[in-house]
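Number of protein chains: 2
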Amino acid sequence: MGAVGVAERLAEKQREISVSEFFEQNKHVLGFDSPTRALLTSVKEAVDNALDACEEAGILPDVRVELERLDGEEYRLTVEDNGPGIVKRQVSKVFGKLLYGSRFHTWSQTRGQQGLGISGAILYGQLTTGRPAVITSKTEKDDVAYQVQLHIDTKTNKPHVVSQEYEVWERASGTRVEIHLRGRYVTGRQSVTEYLRGTAIVNPYARLTFRAPDTEETTFQRVSEALPPPPEEVQPHPYGVEIGHLLRMAKESSARKVSAFLQTEFSRISARVAKAICERADVPPERRPKFLKLEEAKRLLQAFRKVKIMAPPTDCLSPIGERLIRKGLRNVVGAHRPDFYCPPVTRSPSVYGGHPFQVEVGIVFGGDLPANQPVELLRYANRVPLLYQQGGCAATKAVEGVDWRRYGVEQRGGRGLPHGPMVVLVHVCSTKVPFTSEAKEAIAPIPEIVDEVTLALQECGRRLKSHMRKRAQRAKTQEKFEIVRAILPRLAQKSAAIVRRPVPDIAKTITRIMNVVWVDDDVTFEDGRHRVRLRFHNYTGARKRLTLHTLLPLEALDPESLDPKPSEIRPDGRVAWRLPPLAATESSLVAFELRGLEEEEFAEVEAYVSGIDPSRVVGADPLPGDWDLAVEALQDETLLPEPQVLGEVMEGD
Amino acid sequence: MGAVGVAERLAEKQREISVSEFFEQNKHVLGFDSPTRALLTSVKEAVDNALDACEEAGILPDVRVELERLDGEEYRLTVEDNGPGIVKRQVSKVFGKLLYGSRFHTWSQTRGQQGLGISGAILYGQLTTGRPAVITSKTEKDDVAYQVQLHIDTKTNKPHVVSQEYEVWERASGTRVEIHLRGRYVTGRQSVTEYLRGTAIVNPYARLTFRAPDTEETTFQRVSEALPPPPEEVQPHPYGVEIGHLLRMAKESSARKVSAFLQTEFSRISARVAKAICERADVPPERRPKFLKLEEAKRLLQAFRKVKIMAPPTDCLSPIGERLIRKGLRNVVGAHRPDFYCPPVTRSPSVYGGHPFQVEVGIVFGGDLPANQPVELLRYANRVPLLYQQGGCAATKAVEGVDWRRYGVEQRGGRGLPHGPMVVLVHVCSTKVPFTSEAKEAIAPIPEIVDEVTLALQECGRRLKSHMRKRAQRAKTQEKFEIVRAILPRLAQKSAAIVRRPVPDIAKTITRIMNVVWVDDDVTFEDGRHRVRLRFHNYTGARKRLTLHTLLPLEALDPESLDPKPSEIRPDGRVAWRLPPLAATESSLVAFELRGLEEEEFAEVEAYVSGIDPSRVVGADPLPGDWDLAVEALQDETLLPEPQVLGEVMEGD
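Protein sequences appear in the order of chains A and B. Residue numbers for the first sequence follow our numbering, beginning at 1 and rising by one. Residue numbers for the second sequence follow our numbering, beginning at 1 and rising by one.
Source of the hints: derived by calculation from the structure; they are not laboratory data. Don't be surprised by glycine CBs; every beta carbon is placed ideally from N, CA and C.
Each computed DMTMM-like pair below joins lysine to aspartate or glutamate, with the alpha-carbon atoms no more than 25 Å apart:
hint, chain 1, residue 1, chain 2, residue 2
1, A, Lys-251, B, Glu-16
2, B, Lys-13, A, Asp-143
3, B, Lys-298, A, Glu-68
4, B, Lys-293, A, Glu-73
Residues on chain A that point at chain B, a partial pick, calculated with CB under 8 Å:
hint, residue
5, Ala-7
6, Gln-14
7, Phe-22
8, Asp-33
9, Ala-57
10, Gly-85
11, Val-87
12, Leu-99
13, Thr-106
14, Leu-127
15, Ile-243
16, Pro-374
17, Gly-391
18, Gly-392
Can you build the whole structure from these sequences, using the hints too?
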């Protein structure tokens with residue numbers, strides 16, 4: 001056969017591939033590559049949808065997951081929520097058509113975004129069991145619920161309705177999805193229970209009920225009535241918008257002038273900024289966006305980088321927060337009684353490709369955590385626990401790229417997953433989390449995101465190291481102290497006996513040899529109160545005075561308990577005690593109590609000292625020179641810390 | 001706002017998402033997550049397409065890649081081939097529409113399969129530069145080439161033709177793609193050059209020319225005229241077909257009877273097998289496939305597992321082969337002069353989800369390879385080197401899951417990537433490689449595939465261990481030997497002097513102390529010939545005889561060079577010498593030459609001995625009890641080694 005025949009023969013085989021066919025053939029891409037994972041993915045997609053719907057509607061979520069084992073590997077999965085429901089005319093499309101949804105064309109921090117998740121699960125279910133999905137939905141306006149049985153027609157990617165009816169449902173509103181699918185139910189780290197537990201921890205305003213096959217029902221109770229504000233929709237930020245995207249937006253815009261187009265279609269472009277951009281780009285502000293030329297669009301893009309534009313709004317992001325991160329870590333660490341809960345680090349929001357994102361990191365270390373294996377990594381994206389594909393994830397890359405040896409953690413060659421008794425939690429939230437695949441189990445290692453996670457890890461690493469240094473320093477001084485205390489008296493006795501003189505008082509000698517101010521902290525928890533005591537021992541030969549600084553959760557601080565009263569309390573939580581002078585060999589105490597926190601929320605005082613040579617202090621760090629700046633950074637979330645990522649200088653306009 | 005409002009408000013936002021929009025927003029999923037990777041992905045997609053087209057047309061591929069740096073990060077990529085060309089009416093669809101292609105609905109081992117690759121690159125190019133792609137194509141039937149400039153309309157996923165014309169082209173046939181894109185050109189491991197080199201090695205029948213920015217042209221010359229047979233299309237194998245798929249096939253089949261349907265739509269179902277299946281499933285063979293009920297389809301699926309069905313045909317698979325695997329390894333190992341090229345392992349084909357696949361593994365060890373870092377892993381899928389996403393790949397999972405400590409390789413805790421001077425190559429070929437994402441850089445860890453790779457790695461590990469054991473044993477014996485040889489004569493001399501007697505001959509005493517038969521092999525390579533010498537030293541006190549067994553590439557063996565003549569040569573390559581009895585302290589030699597192999601193809605003789613207590617032999621292994629079986633397994637590729645994966649007993653029908 002000649003080449004002519006081949007081109008023609010190949011031409012005959014050319015065909016369009018429907019998106020359903022594509023994902024049916026590539027079901028592993030959607031997270032359905034094994035029966036175990038397929039089951040988990042289906043639950044995740046349904047629960048993520050339920051939580052998103054409730055949050056959008058401002059309803060405290062109440063989600064029930066039920067898993068029944070039928071014959072062999074066939075399961076019936078039912079997920080029911082108390083969300084706003086779906087209007088009848090769209091039920092079959094939302095569930096029976098891939099790439100159909102409400103969140104793709106808007107930018108907001110939601111769990112689902114693509115319109116692929118739940119319809120993917122239904123596609124997988126019908127592929128592996130041949131059975132239709134059953135959807136029941138009721139909006140508050142409806143008197144009865146609408147129920148539809150449907151298949152997905154993979155050739156056309158359209159719902160094929162098998163039957164529909166109406167039924168009485170006592171709920172005010174809600175949605176129930178019932179899917180038959182092939183699965184395997186397992187327990188352990190990558191299980192439905194773990195996913196639900198992980199979800200419950202970082203979504204404490206949700207009540208999640210799970211009926212697993214052959215077991216009792218488990219309920220993760222709601223522990224907070226505070227629903228986060230509904231996710232804000234935002235416009236794309238000018239940084240990171242691509243030229244092709246800009247051209248298309250211009251072409252599709254209803255604005256009649258470029259200046260208006262810039263203001264309406266992008267976030268953070270005011271009239272003044274739009275004018276500056278047009279000037280800089282040498283594009284007339286009254287030009288019609290539709291007729292924008294490639295070269296003009298390019299110049300606009302360059303002008304975005306030259307003109308000062310505010311960082312993207314961050315009120316659209318909803319981080320987990322320190323308290324829940326500690327709680328999440330505690331849940332996993334369980335009975336291992338770690339030595340140290342490193343104070344979690346929340347980075348200021350940053351931007352990639354026009355999308356704001358924010359990174360949080362928490363670390364626990366020591367105790368009975370297994371020492372002789374790689375550290376455990378807990379990953380979250382938009383408050384959803386990620387249980388698979390750890391290898392390819394931005395979080396993993398960042399952990400592997402940090403030189404942990406600098407923080408006293410074992411790591412062969414200074415690269416790769418460190419070893420030791422440590423658990424690391426990483427959360428990335430964004431109006432668009434860039435997942436490596438449609439299974440949404442790994443965050444693509446976009447440089448901006450890896451960098452932010454790395455900075456947060458390094459900050460946690462420094463905190464960890466400081467903790468370990470303090471501990472080592474104390475242990476060493478303690479040892480020295482005990483040796484000195486054991487030997488000197490005997491030396492004194494022997495010498496006195498030899499020269500036949502009375503035994504001298506050597507307390508001052510001991511302190512002169514030690515020559516440190518020793519700071520001990522002691523935190524106990526009882527009856528919902530943390531009792532904190534900081535004791536200062538002057539083991540030097542001279543009077544010493546110093547100022548103690550710390551950062552406390554003021555809302556939990558009991559003012560009555562403060563003893564002595566601090567010399568300063570700032571609204572940002574900085575508390576300082578200018579302590580009275582302490583004579584040689586004397587000691588003094590600072591005590592206070594916190595109430596209303598959970599136990600793991602306060603495990604160790606971060607103590608800093610000033611007004612004294614810090615090298616003579618054991619048990620507290622010198623007050624950092626950037627103490628003011630550091631605290632400010634925590635307050636001011638609109639300042640972006642990595643301006644080189646975003647272009648030139650940035651300021652509000 | 002009440003829940004009613006919410007459901008209605010959400011309903012207004014529900015929309016269909018075009019597949020182009022989807023991938024534009026998720027371009028990282030297609031492999032465009034950084035400028036560096038985007039450049040490589042674009043080259044890969046174009047070159048893979050070119051190679052596929054040439055192979056399908058039986059044309060020796062001649063592919064030219066040119067990369068010009070324009071301003072900033074903008075590049076112009078041009079890839080031109082001598083393939084069959086594309087008929088005019090389909091050019092714009094093939095390049096201007098995602099999910100359009102010739103290979104999705106057929107099953108064969110091709111590089112491209114989804115109709116996503118090259119159109120994805122064009123989508124990325126227009127997004128990042130705003131410029132159209134230019135395609136030129138000519139089939140042998142055409143007098144002039146057809147050239148089209150096009151954009152992809154992302155809202156509709158359809159080509160938008162900017163201009164078209166005809167031009168004279170001296171080629172008989174071929175295709176040229178020109179894309180402007182944002183990229184970053186780098187050298188090193190994940191570079192275009194490395195990808196092309198890796199491709200050239202395992203596709204030696206292709207000529208690849210690369211003009212990189214600001215450098216001379218590089219050509220990877222064709223080193224073989226032997227084009228592999230064009231990839232065979234196969235029908236799905238009954239094992240692994242899902243119920244939903246079976247129902248859909250039945251519904252769409254033009255066959256009028258279930259028995260005919262089974263025979264025409266599946267591979268390995270003969271009339272007899274179809275009848276047996278229908279009987280077992282209690283489905284009348286003359287039933288119309290269209291009306292097949294769910295329960296009947298389920299029973300058919302169960303019957304597939306009960307009735308003996310041949311393994312899938314394997315002539316549709318095209319593994320790389322031992323020779324090219326060694327060559328590929330040698331290229332990477334370069335100047336590190338490793339100690340040992342482990343003979344590569346090619347597994348028999350197996351099946352997942354109805355798709356046949358086959359695994360090959362090669363290992364090199366030692367020499368100057370860096371010892372203090374994780375081993376290097378080279379991954380290939382359908383003869384394409386995989387350079388990204390190592391973490392999530394089935395090949396990586398398998399390497400990490402093997403306990404390498406058992407084979408003498410360092411690995412902390414017996415899990416994870418081992419450390420040491422080792423390079424591992426893994427190739428998976430299949431009529432459908434299950435990639436974790438559309439970027440096609442990692443193979444999904446499907447249990448069947450991970451298992452096969454694991455078995456191949458373990459086999460390589462055993463070979464490595466045997467080599468290392470032999471080496472250690474020899475070194476130890478050598479040391480003992482040298483000590484004995486140094487000390488005994490001096491002892492004899494001293495003793496003789498003391499008792500004033502002549503110095504005795506102690507050669508026999510030495511051998512009695514050693515008490516081994518020592519086997520030395522020596523392979524030299526010169527003028528395209530491997531000269532192999534095996535020397536046997538009898539360091540025991542008695543006459544010894546033994547039979548030497550080895551496996552040789554008969555096509556390369558020079559019969560004239562065999563000295564002495566073997567006692568047996570089997571067509572499968574097994575060669576045996578029954579050696580004449582060897583008196584104590586004597587030695588003998590076996591020599592032969594191989595011609596026409598490349599140097600790295602034969603580095604060490606696998607020597608086995610029988611007819612002698614193997615514990616008395618240093619430098620050769622005892623003949624394995626399953627020697628016959630092991631060799632047979634290499635010959636008989638239709639036997640599947642892991643029947644539990646495939647169901648019950650299997651035999652030809």
